[in-house]
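Engineer: Listed in order, the protein sequences are those of chains A and B.
Residue numbering for the first sequence follows the numbering used here, beginning at 1 and increasing consecutively.
Residue numbering for the second sequence follows the numbering used here, beginning at 1001 and increasing consecutively.
No lab work stands behind these hints: they were computed from the structure.
If you're wondering where the values come from, they're calculated on a predicted model, not measured in any experiment.
Worth double-checking, as some hints may not be accurate.
Calculated lysine to aspartate or glutamate pairs in the DMTMM-like style (CA-CA distance at most 20 Å, straight line) [claimed, not checked]:
(1) B/K1163 with B/E1173
(2) B/K1158 with A/D82
(3) B/K1074 with A/D151
(4) B/K1163 with A/D151
(5) A/K96 with A/E119
(6) B/K1158 with A/D70
(7) B/K1071 with B/E1128
(8) B/K1126 with B/E1072
(9) B/K1143 with B/E1193
(10) A/K115 with A/E186
(11) B/K1071 with B/E1125
(12) B/K1071 with A/E46
(13) B/K1158 with A/E46
(14) B/K1143 with B/E1173
(15) A/K96 with A/E153
(16) B/K1074 with A/D70
(17) B/K1163 with A/D70
(18) B/K1158 with B/D1146
(19) A/K124 with A/D70
(20) B/K1158 with A/E63
(21) B/K1163 with A/E46
Partner residues are not named here, just some residues of chain B that face chain A (Cβ under 7 Å, in silico) [what the hints assert, rightly or not]:
(22) S1028
(23) L1032
(24) H1078
(25) N1081
(26) R1082
(27) T1155
Glycine included, C-beta positions come from ideal geometry on N, C-alpha and C.
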Amino acid sequence: MHARALARLGRWAARKRAFVVLLAGAAMGVAALSVFGTTMIYTSTEPFCATSCHEMANNSNLEFIGSVHDRNRTGVRATCVDCHVPHAPIPLYIAKMGALNDLWSHHVSKTVDTKEKFEAQRQKMAQRVWTYMKGNDSRECRHCHNAANMDPERQSTWAQLRHERARREKLTCIDCHFGITHAVPEGGPGPQELEVDRSLIPRSAIF
Amino acid sequence: MMKILRTIGAWAALRWRKVRGWGAGPGSLAVLLAGMGLGAVAFASVGSFMVYANSEAFCANSCHEMTQLQKEHKGSAHDANRSGVRATCNDCHVPHEYVPNYLAKLGLFADYWGHFVTGSIATPEKFEARRYLLARRVWTYMKETDSRECRHCHTTSKMDPDKQSEKAIRRHEKARAAGLTCIECHFAITHKEPEGPGPQELFSKEPLKQVAR
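Build out the structure end to end from the sequences listed, making use of the hints.
Structural biologist: So, in C-alpha cells, the structure goes:
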C-alpha cells in the first residue's frame, strides 16, 4: 500500500518536476532565512553577547551588572544590543559584521585580551562609541527613550532644567549621559568636548 | 482588457512549459534558486507583517474599536513617564514567542467577525456594556500565564527594592507570600476600570477554571 502510494507520488513528482524543485527551493529559502534570523536573535542575547567571550565577560559585562540599565525600580532592562547595535534590519546586519573585527582582535591581534590591555584601550573605545552616538543623535538611546513621551512632571527639577539647556545647546543624550554603565576612562575629553559633525544631527530630532 | 489578460495568460503558459522543461534538465538549479528566492521573500513578508501588525500604527489606530482603547492608553504610565520608555498594545496583550505570537495573530479573525458581523462593540455604548466581560477575559489570561507579558519587560529578579517605595516593598512581599501574580494588583493601570469584582476577588472566590473566558 505504502509502496504503491510512494510510487504514485514519485510518478507525480516526475511529471511535475519543475514544480517540486520550486517547492524544495522555497522550503530551503524559508529554512535559510530562519537560520539567519535566529542567529541574529541569538547573537543579540546576553548569553552570547555579554558572556561568551573574555573581553566582554570580564570587563563590559561586569561593569553593566548593577547599573541602572540592569537593575532598577521596575525591572525593565536594556542589555548590550539595546544601546550598542542599530535596531533597523539592514544596519543591524551590517553591525553584526563587526563581529569579524572582534574575532580578529581576539584571535590575531589580541588588543584587549587582558584587563590591563583593556584599560589601556578604554579611552579610545569609549571615544569611538561616543562619536558614533553623537553622529546618529543617540539613535539607540531613543529607540527606548521617547523624548516626546517623557513626562517632565515626573522628572526632578534638576533634570528638567538640564534637558531644557540641552535642547537650547543642541546636545544629544550621550553628551551628558555617558559613563552610566561602563567605567569612565581617565583623562581625555568627554563626549561634549569631542568634535563631531553636528550637521548630521537633525535639529528637530533633539527633544 | 480580456484580450490583454488572455495574452498574458498565453505568455505565462508558454513560460511555464519552458520552466517545466528546465526542471528536468540543468535548468533545475535556476528553478531551485528561484524557489529559494520566493520562499525567502514570502517568509520575510510574513515576518514583516508580524512586525507591522505589532506597531501602534496598525494595532492602535487602524480600527474604531481600538482607537477607543488607544485614548485610554494615552497619558498612562505605559505611554508617558519619567524616562520615556513605553509599552504599546502588543507588549502587554500578545505573546512574544513566535508560535504563540502567530496563533494570537489569528485572533484577528475574531476581531473581524466582531467588527463586520456581530458588531458587538461597534459603538462606545456597546463597548462600555461589554467592558467587564472583556476585562475579565484579559485578567484570566494573565492570571493563567502568571502575567507572562508583564514579565517580558519587568524582570522581577532585576527589581531593586531600594529604589521602590516602602509600600511597594511590603506589597510585593505580601504578593509573593500569597502567590499573587502582577495583574491581581496592577489592573486597570492603562484602561478604565470596569464595574464589578476585580481580579483578586474573582480568583480568590472561585477556582480559575470556573471563571468564564
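Engineer: So, for every hint listed, does it hold in this structure?
Structural biologist: Results for each hint:
| no. | hint | verdict |
| --- | --- | --- |
| 1 | B/K1163 with B/E1173 | holds, 15 Å |
| 2 | B/K1158 with A/D82 | holds, 17 Å |
| 3 | B/K1074 with A/D151 | holds, 12 Å |
| 4 | B/K1163 with A/D151 | holds, 19 Å |
| 5 | A/K96 with A/E119 | violated, 24 Å |
| 6 | B/K1158 with A/D70 | holds, 7 Å |
| 7 | B/K1071 with B/E1128 | holds, 14 Å |
| 8 | B/K1126 with B/E1072 | holds, 17 Å |
| 9 | B/K1143 with B/E1193 | holds, 17 Å |
| 10 | A/K115 with A/E186 | holds, 15 Å |
| 11 | B/K1071 with B/E1125 | holds, 16 Å |
| 12 | B/K1071 with A/E46 | violated, 36 Å |
| 13 | B/K1158 with A/E46 | holds, 14 Å |
| 14 | B/K1143 with B/E1173 | holds, 18 Å |
| 15 | A/K96 with A/E153 | violated, 39 Å |
| 16 | B/K1074 with A/D70 | violated, 27 Å |
| 17 | B/K1163 with A/D70 | holds, 13 Å |
| 18 | B/K1158 with B/D1146 | holds, 17 Å |
| 19 | A/K124 with A/D70 | violated, 25 Å |
| 20 | B/K1158 with A/E63 | holds, 15 Å |
| 21 | B/K1163 with A/E46 | violated, 24 Å |
| 22 | S1028 | holds, 5 Å |
| 23 | L1032 | holds, 4 Å |
| 24 | H1078 | violated, 10 Å |
| 25 | N1081 | holds, 6 Å |
| 26 | R1082 | holds, 4 Å |
| 27 | T1155 | holds, 4 Å |
Going through the hint list in order, the structure does not satisfy hints 5, 12, 15, 16, 19, 21, 24.
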